[in-house]
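Following the hints, complete the assembly by docking chain D onto the known chain Z.
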Amino acid sequence: KNEVEQSPQNLTAQEGEFITINCSYSVGISALHWLQQHPGGGIVSLFMLSSGKKKHGRLIATINIQEKHSSLHITASHPRDSAVYICAGVQGAQKLVFGQGTRLTINP
Amino acid sequence: DTEVTQTPKHLVMGMTNKKSLKCEQHMGHRAMYWYKQKAKKPPELMFVYSYEKLSINESVPSRFSPECPNSSLLNLHLHALQPEDSALYLCASSLTWGRNTGELFFGEGSRLTVL
Numbered sequence: 001k002n003e004v005e006q007s008p009q010n011l012t013a014q015e016g017e018f019i020t021i022n023c024s025y026s027v028g029i030s031a032l033h034w035l036q037q038h039p040g041g042g043i044v045s046l047f048m049l050s051s052g053k054k055k056h057g058r059l060i061a062t063i064n065i066q067e068k069h070s071s072l073h074i075t076a077s078h079p080r081d082s083a084v085y086i087c088a089g090v091q092g093a094q095k096l097v098f099g100q101g102t103r104l105t106i107n108p
Numbered sequence: 001d002t003e004v005t006q007t008p009k010h011l012v013m014g015m016t017n018k019k020s021l022k023c024e025q026h027m028g029h030r031a032m033y034w035y036k037q038k039a040k041k042p043p044e045l046m047f048v049y050s051y052e053k054l055s056i057n058e059s060v061p062s063r064f065s066p067e068c069p070n071s072s073l074l075n076l077h078l079h080a081l082q083p084e085d086s087a088l089y090l091c092a093s094s095l096t097w098g099r100n101t102g103e104l105f106f107g108e109g110s111r112l113t114v115l
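Quick note, the sequences are listed as chains Z and D, same order. Residue numbering for the first sequence follows this note's numbering, starting at 1 and increasing by one per position. Residue numbering for the second sequence follows this note's numbering, starting at 1 and increasing by one per position.
Treat the hints with care, since some could be wrong.
Using 30 angstroms as the maximum straight-line C-alpha spacing, the simulated DSS-like pairs for lysine-lysine come out as follows [what the hints assert, rightly or not]:
1) Z:53 x D:40
2) Z:54 x D:40
3) D:38 x Z:68
4) Z:68 x D:40
5) Z:54 x D:36
6) Z:95 x D:38
7) D:36 x Z:68
Label-pair ranges, simulated between beta-carbon atoms [claimed, not checked]:
8) D:41 x Z:52: 27 to 33 angstroms
9) Z:80 x D:5: 19 to 25 angstroms
10) Z:80 x D:57: 34 to 40 angstroms
Calculated from the model, a selection of chain D residues having no Cβ within reach of chain Z, i.e. all distances over 10 angstroms [as the list claims (entries may be wrong)]:
11) 51
12) 64
13) 69
14) 79
15) 86
Hints are computed from structural coordinates only; laboratory data are not their basis. Backbone N, C-alpha and C define an ideal beta-carbon position, used for all residues, glycine too.
So that you can see chain Z by itself, here it is in the shape it has in the complex (with noise of 0.2 angstroms):
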């Protein structure tokens, strides 16, 4: 079983709907980082997140300790967001443990 498990594998939408992209972790994981990659290769770090929730624009993420599950949340998608998402988890001294990241596509 990975340490850190991404949902969905896939992801088709309207533009202007609502996304949440799941992210559950196991002990061990002190923080996580969700990242954007683009068809093409280039990694974006999107957040990183230890406690809480933080906001960047359209974008949302959100994290709960004690059920050891973080959340990205993309409001009015747009078809620009689409990209593969990627859940990483901090284990230990700063080793990423990556999930299996969430391809999404926005149609117009």
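Chain D only, in chain Z's frame:
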């Protein structure tokens, strides 16, 4: 400047060639990382440098040789690679390595094809 710059963006090499991938950042970060990513898979950590010293080598074959000449530069020297080494190689940096490293900054990656 909040960029991690990787060169080249694309590289095609034969199994007998010697080539290098380069990574540069000017954010004052003291931790730099090499990741390997195969298609539709998450990145896999290869090496971590902290204060120009190799801190983690994730059992990477010796045909991959990292080098950190100074705090802004990280190289990955490639020699006698195999076709299965074809992948996207991502460089990343963070302020420090260890707990509370903060945000990770990734480069655009170098896409390597080994013939």
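Please name the hints from earlier in the document that this structure breaks, with their numbers sorted from lowest to highest. When the structure is compared with the hints, none of them turns out to be violated.
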